[in-house]
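**Student:** Take a look at the letters that make up each chain.
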Amino acid sequence: MSRRDDDIYVVGAARTVFGRFDGEDSELAEQAIRGALADSGLTWSDVQFAVGGTNGETKPDNLVSRMGLTGLPFVTVKNGCATGGVALMTARNGLLAEGDDIACVVGYDNHARGAFNASPARYGIGDWYGETGMMVTTSYFALKIQRYLHEHGIDPRALGYAAEKAFAYASDHPFAWRRKPVSVDEAMDADMINDPLTRFMFCSPDAGATSLVLARGPRAFDLCDRPVRLASVALRGRRPGSFEVFSTWLSPGERTSPSIDASAAAFENAGIVPADVQVAQLQDTESGAEIIHLAETGLVAHGAQAEGYLNGDFAIDGRLPVNTDGGLLANGEPVGASGLRQVYEVVRQLQGRADGQQVPGAPSIGFTHVYGAPGISACTVLMAEGE
Amino acid sequence: MAVNVIDETLFESVDPVVLKGSACTECDAHVFPAMSSCPMCNGTAVQEIALPTQGDVWSWTTQHFEPKAPFRTDEFHPFSIGYVDLGPVIVEGWLVGRTNWTIGEPVRLVLAPAWTEDGELVHTFGFESAGGA
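Which chain is which? The protein sequence lines are A and B, in order.
Per the working numbering, the very first residue in the first sequence carries number 1; after that it's consecutive.
Per the working numbering, the very first residue in the second sequence carries number 1001; after that it's consecutive.
The set of hints was computed from the structure by calculation and includes no laboratory data.
From the three backbone atoms N, C-alpha and C, an ideal C-beta is built for every residue, glycine too.
Hints may be right or wrong, so weigh each one.
[Said to hold, decoys possible] Partial chain B-side listing against chain A, Cβ under 8 Å, derived:
{"no.": "1", "residue": "Asp1007"}
{"no.": "2", "residue": "Ala1029"}
{"no.": "3", "residue": "Phe1032"}
{"no.": "4", "residue": "Phe1079"}
{"no.": "5", "residue": "Val1091"}
[As the list claims (entries may be wrong)] Listed next, the stretches of chain A that the computed footprint assigns to chain B, with coverage defined by at least 3 CB atoms under 8 Å from CB atoms of chain B:
{"no.": "6", "region": "12-24"}
{"no.": "7", "region": "242-253"}
All chains, full assembly: derive it from the sequences and hints.
**Tutor:** Right, dumping it as structure tokens:
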């Protein structure tokens, strides 16, 4: 196998347990960075370029005060739910542009309980929108999946299948937050939050951190027995026709999505098609998001999702295991860490050392997808490469 | 007596109630509330227009928990929100009168009481069932 100098590999990965955390969020970040460095056999002084993301108030670039004042450039990203994907892309670009060999990426957050509370002014909307109770993320998700189920004739029980799958995976995953299994009926019959979504169909903001160490070129194979190649990473924003959070109006024309565009670019740049994917991570802020993103990324046809769940296609021994760590539903969403958690899980699966359920058959191609406000998506294709 | 509304710039007229949007003279995109440029084609030749007052439910949900501030209410009860297809544009607003809706059902624009301020009701816009079923 040819190994090129501009190939980028994951050579170290670590995450914290996600959930409630009483300490400072930068403690979590430090824990993840130290874990990823240990996993790679490197030290902080080996790192030439760092990128950190959080949605909170702390400054990621100040993590050098915990890790060591080595003088390295440390870039901060803040792109909402897509922060992890953007951080990873920024690190890759940094390595390639600077000709560096080693980069470290970290994402972390420690959120207060309850749904995120957004300010209308930050989104350029009048106060009336928040005052009338429409500036609520959960209602956006509900309105979007309600329409999607209708347009594609999907049985709403698919929402329950997605929840059941998430908590089944999480019950075996030592780092997941919500690890109690939930049946389809329990999920469907639980308290309604925003029709058609119940309590078990939403993720909650929580705390956690994830870190990756990247290496450029053949050196990756000196550092790691089973480096995973970052075959592509693509970031896209919204075009006219996308249905985004806090939209006071929608156009009646063709529906577009940044997830469609970012996933297509990621597959094309990696030289594969969606059918090649053997393990995937999709943004499942709620059950409906997983259902929509299965199709927007091209992994499943629009309208075929409910059947896919029923067939067990997305279970560990299915055609396409999805969100094998329980996804956001079971891990919650520390916004800065969430996208990197996805990459962490796929890397571990491709290395054959999953923390929870291991995809059988030595999968070699993985995919991750994040999506967030105000309409951005970042996707990666990851490939295990043998000797 | 004048009717108090949440934001006068949203309305072409309060009685009868009509929403004010804007339309792009280049690409014909309609938006709500009115904007000074077109977010679809980036053109600046836009004009304010009165939006249709009748449409169909495009999607809906019911808000079962009380939103955090800046939400204002005298007393919280679950309420419905929807997107209503008015033809040239799909507008988000309250669906009033019940908490269970069907995509495609006809609705019409109304003023709905939102909260009390200084002893007087403040109204927002909403859509109520236009019957027919």
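**Student:** Now look at each hint and say whether the structure bears it out.
**Tutor:** Against the structure, the hints:
The beta carbon of Asp1007 (chain B) is positioned within 8 Å of a beta carbon in chain A (closest approach about 4 Å), and the interface hint is therefore held. Satisfaction of the interface hint for Ala1029 (chain B) is found here, the shortest Cβ-Cβ separation to chain A being roughly 6 Å, below the 8 Å cut-off. Below 8 Å, beta-carbon pairs count as interface contacts, and Phe1032 (chain B) has one with chain A at about 4 Å; its hint therefore holds. At about 7 Å, the closest approach between the beta carbon of Phe1079 (chain B) and any beta carbon in chain A falls short of 8 Å, and the interface hint on this residue holds.
Interface hint at Val1091 (chain B): satisfied, since its Cβ lies 5 Å from the closest Cβ of chain A, which is below the 8 Å cut-off. Taking a C-beta to C-beta cut-off of 8 Å, the region 12-24 of chain A contributes 0 residues in contact with chain B, too few for the three needed, and the coverage statement is violated. Figure legend: the region 242-253 of chain A, annotated as covered by chain B; annotation consistent (6 residues with Cβ-Cβ distances under 8 Å, at least 3 required).
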